[in-house]
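Asks: These are the residues of each chain, in order.
2 protein chains.
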Amino acid sequence: MNKRAKGVTVWFTGLSGAGKTTVALEVEKRLAEQGYYTQRLDGDIVREKLTGDLGFSKEDRNKNIERNTFVAKILTDNDVITLCSFISPYESARNYAKKEIMQVGEFVEVFVDPPLEVCEKRDVKGLYKKAREGKIKNFTGISDPYEKPKKPDITLKTDQETVKESAQIVIDHLKKRGIL
Amino acid sequence: MNKRAKGVTVWFTGLSGAGKTTVALEVEKRLAEQGYYTQRLDGDIVREKLTGDLGFSKEDRNKNIERNTFVAKILTDNDVITLCSFISPYESARNYAKKEIMQVGEFVEVFVDPPLEVCEKRDVKGLYKKAREGKIKNFTGISDPYEKPKKPDITLKTDQETVKESAQIVIDHLKKRGIL
Chain A
26 MNKRAKGVTV WFTGLSGAGK TTVALEVEKR LAEQGYYTQR LDGDIVREKL
76 TGDLGFSKED RNKNIERNTF VAKILTDNDV ITLCSFISPY ESARNYAKKE
126 IMQVGEFVEV FVDPPLEVCE KRDVKGLYKK AREGKIKNFT GISDPYEKPK
176 KPDITLKTDQ ETVKESAQIV IDHLKKRGIL
Chain B
26 MNKRAKGVTV WFTGLSGAGK TTVALEVEKR LAEQGYYTQR LDGDIVREKL
76 TGDLGFSKED RNKNIERNTF VAKILTDNDV ITLCSFISPY ESARNYAKKE
126 IMQVGEFVEV FVDPPLEVCE KRDVKGLYKK AREGKIKNFT GISDPYEKPK
176 KPDITLKTDQ ETVKESAQIV IDHLKKRGIL
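Those protein sequences? They're chains A and B, same order as listed.
The numbering used here applies: residue 26 is where the first sequence begins, and numbers increase by one.
The numbering used here applies: residue 26 is where the second sequence begins, and numbers increase by one.
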């Protein structure tokens, strides 16, 4: 039997390779096992149909967040637990998402925060290497800024925690806030 | 208490002024009264945040449908009754929406079909006048094609039915299909 939580968007922000999607997948799995409606949104899911025309300039990044926020807001409004994983390097864009979504439900900002060196060492998609070689421009953390969240609801040290531990921290927070 | 229906997208297609949004609003109201999660998507809702960059060329119309289909599919997958009102003049685009959404739930095509003369006489937004004067190009029914649905699930004659009657036809269909 599927259950409805209180509408919420959990917004994972952090560098490429920080573990945003990995943790979101584990949270999604755990919540789905409990019968909650959940929806993940991340680059791999939205790029083809929703944001394929956008690049990595500040303007395009902002449009990316605007479209995804629109979708997350609608889902939140329909009491779906929405798990957004976007680098979302600009504080203003994250604040925009928060403001929009809090009109209809809850917003949880999760700063996925291993050191840059760890992300670069992981380099799952080989992007850091290309960025260092100058083959990718506007790469967050290398040639583009990442504005750290000042007061995130949760900070995950994914270099020191297992994926299960990080996911548990998120779930505990949702329980504490009365969302689950 | 909110209830979940089986996931469905009800897709209203027809000329500008046909009554797509008017009927969708009435359906939404009736379903909300019964406690169902419902979400409307139409030009006025999505233009600002989701599709503001798109015009009325065939390519842009297709992108418009692609983005909205993406959103409708996610909502349908989360068992929200999704009411889409888009002129969607091209059969190929409507078939695309149907194919995508039927991967996760039900799809109901509603042809909102008063005569063009009725739509033009209503001219709620003054668009037909502008189109006749050549001030708007690519206007469906005047200077751009509208490909009528060949086998819609429902045809609404909004020039002969009241809004409540049209909405009832949609709701009866949803019941008959076992969706409500």
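Think of the hints as simulated: they come from the structure by calculation, not from any bench.
Being a predicted model, the structure only gives us computed values, none of them experimental.
Warning: the hint list may mix true and false statements.
If several chains are the same, the list does not tell them apart, and a pair holds so long as it fits within one copy or across any two.
As the list claims (entries may be wrong) - BS3-like mimics (lysine-lysine), calculated; alpha carbons at most 27 Å apart, straight line:
#, residue 1, residue 2
1, K175, K189
2, K74, K124
3, K160, K31
4, K150, K83
5, K74, K182
6, K123, K146
7, K189, K155
8, K74, K123
9, K54, K31
10, K124, K175
11, K88, K74
12, K54, K88
13, K155, K124
14, K88, K200
Asks: Indicate, hint by hint, whether the structure satisfies it.
Replies: Hints, one by one, checked against the model:
Proximity of K175 to K189 under the C-alpha cut-off of 27 Å is restricted to the intra-copy arrangement: shortest distance 25 Å within a copy versus 52 Å between copies. With identical chains, the CA atoms of K74 and K124 are at most 27 Å apart both within one copy (25 Å) and between copies (14 Å). For a Cα distance limit of 27 Å, the shortest separation of K160 from K31 qualifies neither inside one copy, at 44 Å, nor across copies, at 47 Å. For the identical chains of this complex, K150 and K83 are intra-copy neighbours only, at 22 Å inside a copy versus 36 Å across copies, given an alpha-carbon limit of 27 Å.
In the homo-oligomer, the alpha carbons of K74 and K182 never lie at most 27 Å apart, since the shortest distance is 32 Å inside one protomer and 33 Å across protomers. For a Cα distance limit of 27 Å, the shortest separation of K123 from K146 qualifies neither inside one copy, at 31 Å, nor across copies, at 44 Å. When the C-alpha separation of K189 and K155 is checked against a cutoff of 27 Å, the pair qualifies neither within a copy, at 30 Å, nor between copies, at 60 Å. In this assembly of identical chains, K74 and K123 lie within 27 Å of each other by CA distance both inside one copy and across copies; the values are 24 Å within and 15 Å between.
For the homomeric pair K54 and K31, the shortest alpha-carbon distances inside one copy (18 Å) and between copies (22 Å) are both at most 27 Å. Taking CA atoms no more than 27 Å apart as the test, K124 paired with K175 passes inside one copy only; the shortest distance there is 16 Å, against 44 Å between copies. Within a single copy, K88 and K74 get their C-alpha atoms as close as 14 Å, and across copies as close as 8 Å, so both meet the 27 Å cut-off. Within a single copy, K54 and K88 get their C-alpha atoms no closer than 29 Å, and across copies no closer than 32 Å, so neither meets the 27 Å cut-off.
Neither within a single protomer nor between protomers do K155 and K124 lie at most 27 Å apart by alpha-carbon distance, with minima of 35 Å and 38 Å respectively. With identical chains, the CA atoms of K88 and K200 are never at most 27 Å apart, being 32 Å at best within one copy and 39 Å at best between copies.
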